[in-house]
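K.L.:
In case you want the letters, here they are:
There are 2 protein chains.
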Amino acid sequence: KIVTLHDSWSGWICVLLVGFSSGIVAAVVDIGTSWLSNIKDGICLNAFWLNKPQCCWASKNLTFDDYNNPKCPEWFSWPEVFNDWNDGFGEFLISYFFYTFWAVLFSVFAVLLVRVFAPYASGSGLPEIKTILSGFIIRGYLGKWTLLIKTVGMMLSTSSALILGKEGPFVHIACCCGNIFSYLFPKYGKNEAKKREILSAASAAGVAVAFGAPIGGVLFSLEEVSYYFPLKTMWRSFFCAMMGAFAVRMINPYGNGHDVQFSIDYKAPWSSFELIPFILLGILGGIWGACFIKFNIFWSRYRKTTALGRYPITEVVVVALITAIITFPNPYTRLSMTDLIKILVGQCKAEDESYLCNYRRNFTSANAKILPADAGPGVYKALWRLFMALIVQITLMMFTIGIKVPSGLLIPSMSIGAIAGRMAGIGVEQLAYHYPKFILFQNECSKADESCVTPGLYAIVGACAFLGGATKMTVSLVVIMFELTGGLTYIVPLMAAAVTAKWVGDAFGKGGIYDAQIELNGYPFLDNKEEFNYTTLASDVMTPRPGEPPLSVLTQEGMSLAEIEQVLKETSFTGYPVVVSRDSQHLVGYILRRDLQMAISQQRRNPRVSGRSMVYFNQTVPQNSTSSNAAMSLRFYKLLDLAPVTITDQTPMETVIDMFRKLGLRITLVTHNGRLLGIITKKDVLRHTYSMNNHESVFT
Amino acid sequence: KIVTLHDSWSGWICVLLVGFSSGIVAAVVDIGTSWLSNIKDGICLNAFWLNKPQCCWASKNLTFDDYNNPKCPEWFSWPEVFNDWNDGFGEFLISYFFYTFWAVLFSVFAVLLVRVFAPYASGSGLPEIKTILSGFIIRGYLGKWTLLIKTVGMMLSTSSALILGKEGPFVHIACCCGNIFSYLFPKYGKNEAKKREILSAASAAGVAVAFGAPIGGVLFSLEEVSYYFPLKTMWRSFFCAMMGAFAVRMINPYGNGHDVQFSIDYKAPWSSFELIPFILLGILGGIWGACFIKFNIFWSRYRKTTALGRYPITEVVVVALITAIITFPNPYTRLSMTDLIKILVGQCKAEDESYLCNYRRNFTSANAKILPADAGPGVYKALWRLFMALIVQITLMMFTIGIKVPSGLLIPSMSIGAIAGRMAGIGVEQLAYHYPKFILFQNECSKADESCVTPGLYAIVGACAFLGGATKMTVSLVVIMFELTGGLTYIVPLMAAAVTAKWVGDAFGKGGIYDAQIELNGYPFLDNKEEFNYTTLASDVMTPRPGEPPLSVLTQEGMSLAEIEQVLKETSFTGYPVVVSRDSQHLVGYILRRDLQMAISQQRRNPRVSGRSMVYFNQTVPQNSTSSNAAMSLRFYKLLDLAPVTITDQTPMETVIDMFRKLGLRITLVTHNGRLLGIITKKDVLRHTYSMNNHESVFT
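One line per chain: the protein sequences are A and B, in this order. Per the numbering used here, residue 1 is the first one in the first sequence, and the count goes up by one each step. Per the numbering used here, residue 701 is the first one in the second sequence, and the count goes up by one each step.
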């Protein structure tokens, strides 16, 4: 009774542990990253282990600079530490030097850790996890070393100025936790298919802890990562994501008491005409996504095929150095990307003195409505800097994603989108202010006391559109976006941008960046999103092709051990069909090479077994044959898979592919009137879909 | 080129139309319901076609009564219309009479419409739609009559005081729209499988327009309604739901400019100790859900098997009369359930004078924080009335859900849950106020200027828990709840309540109310949520059972037309396997009875065809046989399904069920060494799972 109960609850307990541990790791990474990032600026001299907000926590002399950065006397920036050079230019140089120094140092540590201890820890890991969840096994990809190195490496690489994020890698980290904990429960640790259920739940927790978006995490797992996602897995993922979010909330690494990372505080309704700029942002996001995918794949292939690939450490150092040098002068790129997004999605308040909020407004009170207003010179200055930041981030990101450090592309895409969106938002706002009689604005923006265009909302929509362009997510993206911002009123704008970005992106090429990377790396991933619309039949695809030698089969009886060993030696297939006899070719079952080899080597120890021993796959060994032969006969009935999936030669390939996808097959046997004709493997299917879709074949 | 483009876009255009039309129907129903509901109270004498808020729109003398109901001079309540009896008791009696009169009248109209024009329009329709989406066809269930009558009937039944909601039926209405529009696109109208994709999207739109929850709609379709939900359908559903939400927003039937129905305006963080009452609410919801399902099924079965079932109109009238008489005296039950929920989830504000908000507080300003305070006598009065309302609603709902009017159970469940939640919330609040030193409250509620317990939040969590208990939804429920309320901060409490309610409910019996109704009605629905954990084999389930006569098969050649007609006459199977010969039983293919009969009746017109004609299912007819016989031989090769799905007799039933679910099979043929042994139909599988599960409830 207790055993059954334990058995039925072990799945829930396992995902509980996975969710909780992912949440703790995420919180640790957040704290570590925040400290390391601040080290680039300066140090808390009283207590060097504190980051800037913690250091300034109790300070009474807190002030803010142009970009809303706090300043407090307890926190010493590097020029202040070396207070000899405290004049204007010297101060700048010292800051510049330390910023670059730390950035390069962090990235060198990150790449060394990855190269020396865990090569699998580089990149975001999402393409590989997708492949693993589709049934392929990569040994060690989800091990404890990968977990440890990826966690530390991610803190380092995120804290260096590199244009990369930590949200994608969190999914990999959570999956490592999932893999490790599943070994505590034999039901999951010993069964790859069951383990994949845990991994699906873990990837939901990964996104949940990365963005504080538990529902978005479940949908991300469903839409982007998981291959097979039954409802039971969905409930587990939901629970796992909830536990992860709860753990993060308990530790509270952001220190703001909010569960929402880019919390927005406006609820201004959007006007219908604004759908036009939102859809334009979607188009822009789609185009950018397509360009990014194309260039990134081109560059990765270039890296693979040329000398560049042999110097990964040098590549990281060069990219980090250039990034640090370029990003420091522009205050928007100097900020961490999450801080930048936070500023861009926000609304200008009465007391806000930053460039971005330099409007010609007269506020009567702090609670007054924020109306459209004429932009001051500060706004134009900010626009120009944002434009530079946009160019810099786009260019650097192309070269950064793919270098050998733990790196995700979600936050960089959002950052680029938020910049583009905020710029578009300011543009629309100024248009609406200066031409209130224009036909579009007339109905909605002409009322005197209504706020009309919120540039921060455009930043949110832009982030959604650009992220959608790169990853081709839709539902999960929208949910993540509104869990990130709390902007529930803006579902329709977000949906419009996400759908447009996906459509436009798909016009340039199917699949998101992860699918492109899977194809680039040649992983055996059978896409379950695309439809197969050709009229080929199973007989056109199966092995043997016409003219090829017939299939290697074993017969149910009448083969000697030596003959079977001969077959095993001459061929290297993973399995062999067993038929009644060579003449009839009626299918009995299927046997795996591994099982057969193991059984033979075990039996070979018996001195009565020799090459002349007859091998039977029958349920009952015929009596006469046992006695007539000197050598003991062998019976391998138990090894046989008596229920191999079979199809007829006339089955359309569309159906065959459907069966491969939905039943997770590796092979299927092709018969005609009950006779075995051939075999179709997953590789055959992949090769066929690729050749039909006119992709170049990357499989060998 | 244009044809291909049209082909690929037709799906999107179809869901666009479906989404938009659902949105328009929903808005019309909302407007109609609001008008009819208000008719029960009184009438706008200047303009009888206006509902109360519209009537009072421009009024300057707007006042509010104890329950926040607006009062304005333009709106005449029935006693005021007949102003002879304008004293206390007479007024009450007149109101009571008109309330009851209209309620019964509306319900009579509703039931008559349904009985006379469209019997399929009764109930929520969700069990049937689930069954249709699993591959069963119910002719006329999604026709235009059903659409029309359900729309009108729903306005009437919702406006009568009956304890039912209109949110479930919206899904049915949206699916009717989906079915109707799919006939505009031959690709979808002529292919049942393709049409189901549209219906999945339509059901997402149904929830989206009912609750204003587009994402929740997609997830509802995924978790609760759809059987097979690939990513492509998800994207379409997303788009469809978005269009529906957009259409509702354009028409703006609530007139509040908000997209959110039960919009809450507080953002107070919840404390960790509150998880305890939340989980208790979840347990309560689970228990209530289990009781409700059990009683509702018992009552439906009683209705089916006894005389009660023969008087559906009388039943409706009696239930409506009793409901009206009971609900009028209690102001909370007199309100429409959506209004009641709106009050319960809200927070007491400074100017709020209603009983529910009768706290001993001293507000210094309208913007002051709302701190826990001692409850005044009004609160206790309100609590008592809420308790009565709880009892009344629980009792009446049991008897109401299942009567022959369009009726959903989502809003009643939420209403009951919100009442229970609010009561629990007030309880916890008073505990925290009176015992601030108690260990649980000590850390979080002892600070002087922090709001600590928000009773409105408990109402939300309660609604979530009770709805979860009845339907066993989880992810979609949480998303719907926070799209309904905008309470993004409260994801974790909502998740905790939903998961607890599901677990507790599952302990009493698997499946939600819709699954129970499917089972009650005996629909052929193969549940894809439950795991099948038994070790039976295909050979244990297949027909023929041991001892039964062998399977009716046709042979590839050698059967005369008369023999085949004999087989068709003697048996009534939907299809027949075709084998090479009776001796070998090697399977060639499968032929549908319908196709065979049609082909025969066509050929029979040919005078050269007689009963002696030989019938061939070969690809090439043997030459000798054609000439040797006087009658012309027939060739039915083209009719043959050459790729029937086959399995071996040793296949575990777990795998067989998996194949039925995932490939949407109706039959599969069972072979052994290529010889046909038997057949397994969907009915066999259903019978087997039912007998094995024996309706036991255990966790898996």
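Don't take every hint at face value.
[Unchecked claim] Heads up, simulated BS3-like pairs for lysine-lysine below, C-alpha to C-alpha not over 25 Å straight-line:
#, chain 1, residue 1, chain 2, residue 2
1, B, Lys1210, A, Lys194
2, A, Lys267, B, Lys1210
3, B, Lys932, A, Lys294
4, A, Lys662, B, Lys994
5, B, Lys994, B, Lys967
6, A, Lys267, A, Lys194
7, A, Lys187, B, Lys887
8, B, Lys1210, A, Lys682
9, B, Lys932, A, Lys510
10, B, Lys887, A, Lys232
11, A, Lys682, B, Lys967
12, A, Lys187, B, Lys1210
13, A, Lys662, B, Lys1383
14, B, Lys887, A, Lys662
15, A, Lys342, A, Lys510
16, B, Lys1210, B, Lys1382
17, A, Lys232, B, Lys1042
18, B, Lys1382, A, Lys342
19, A, Lys294, A, Lys342
By construction, these hints were calculated from the structure, which means they are not laboratory data.
K.L.:
Confirm or reject each hint.
P.N.:
Going down the list of hints, with the structure as the test:
Our distance criterion of 25 Å between C-alpha atoms is met by Lys1210 (chain B) and Lys194 (chain A), whose separation comes to about 22 Å. For the suggested pair Lys267 (chain A) and Lys1210 (chain B), the alpha carbons sit about 41 Å apart, so the restraint of at most 25 Å is broken. A threshold of 25 Å between alpha carbons decides the hint, and for Lys932 (chain B) with Lys294 (chain A) the separation of about 23 Å falls inside it, so the pair holds. Annotation: proposed proximity of Lys662 (chain A) to Lys994 (chain B) is violated, straight-line Cα distance about 35 Å (limit 25 Å).
Straight-line distance between C-alpha atoms of Lys994 (chain B) and Lys967 (chain B) comes to about 38 Å, which puts the hinted pair past the 25 Å bound. A C-alpha spacing of about 44 Å is found between Lys267 (chain A) and Lys194 (chain A), which places the hinted pair above 25 Å, so the restraint is violated. Pair hint Lys187 (chain A) plus Lys887 (chain B) does not hold up; C-alpha atoms about 45 Å apart against a cutoff of 25 Å. A threshold of 25 Å between alpha carbons decides the hint, and for Lys1210 (chain B) with Lys682 (chain A) the separation of about 37 Å lies outside it, so the pair is violated.
Proximity of Lys932 (chain B) to Lys510 (chain A) is assessed by CA-CA distance (about 13 Å); at most 25 Å being required, the pair is judged to hold. Using a Cα cut-off of 25 Å, the hinted pair Lys887 (chain B) and Lys232 (chain A) is violated, with the two alpha carbons roughly 33 Å apart. With a C-alpha separation of about 52 Å, the suggested pair Lys682 (chain A) and Lys967 (chain B) falls outside the 25 Å cut-off, and the hint is violated. With a C-alpha separation of about 23 Å, the suggested pair Lys187 (chain A) and Lys1210 (chain B) falls inside the 25 Å cut-off, and the hint holds.
A hinted pair counts as satisfied when its Cα atoms are at most 25 Å apart, and Lys662 (chain A) with Lys1383 (chain B) qualifies at roughly 22 Å. A C-alpha spacing of about 24 Å is found between Lys887 (chain B) and Lys662 (chain A), which places the hinted pair at or below 25 Å, so the restraint holds. With a CA separation close to 32 Å, the supplied pair Lys342 (chain A) and Lys510 (chain A) exceeds the 25 Å bound. Straight-line distance between C-alpha atoms of Lys1210 (chain B) and Lys1382 (chain B) comes to about 21 Å, which keeps the hinted pair within the 25 Å bound.
A hinted pair counts as satisfied when its Cα atoms are at most 25 Å apart, and Lys232 (chain A) with Lys1042 (chain B) does not qualify at roughly 33 Å. The suggested pairing of Lys1382 (chain B) with Lys342 (chain A) is violated, with an alpha-carbon distance near 55 Å, which exceeds 25 Å. Distance hint between Lys294 (chain A) and Lys342 (chain A) is unfulfilled; the C-alpha atoms sit about 29 Å from each other, more than 25 Å.
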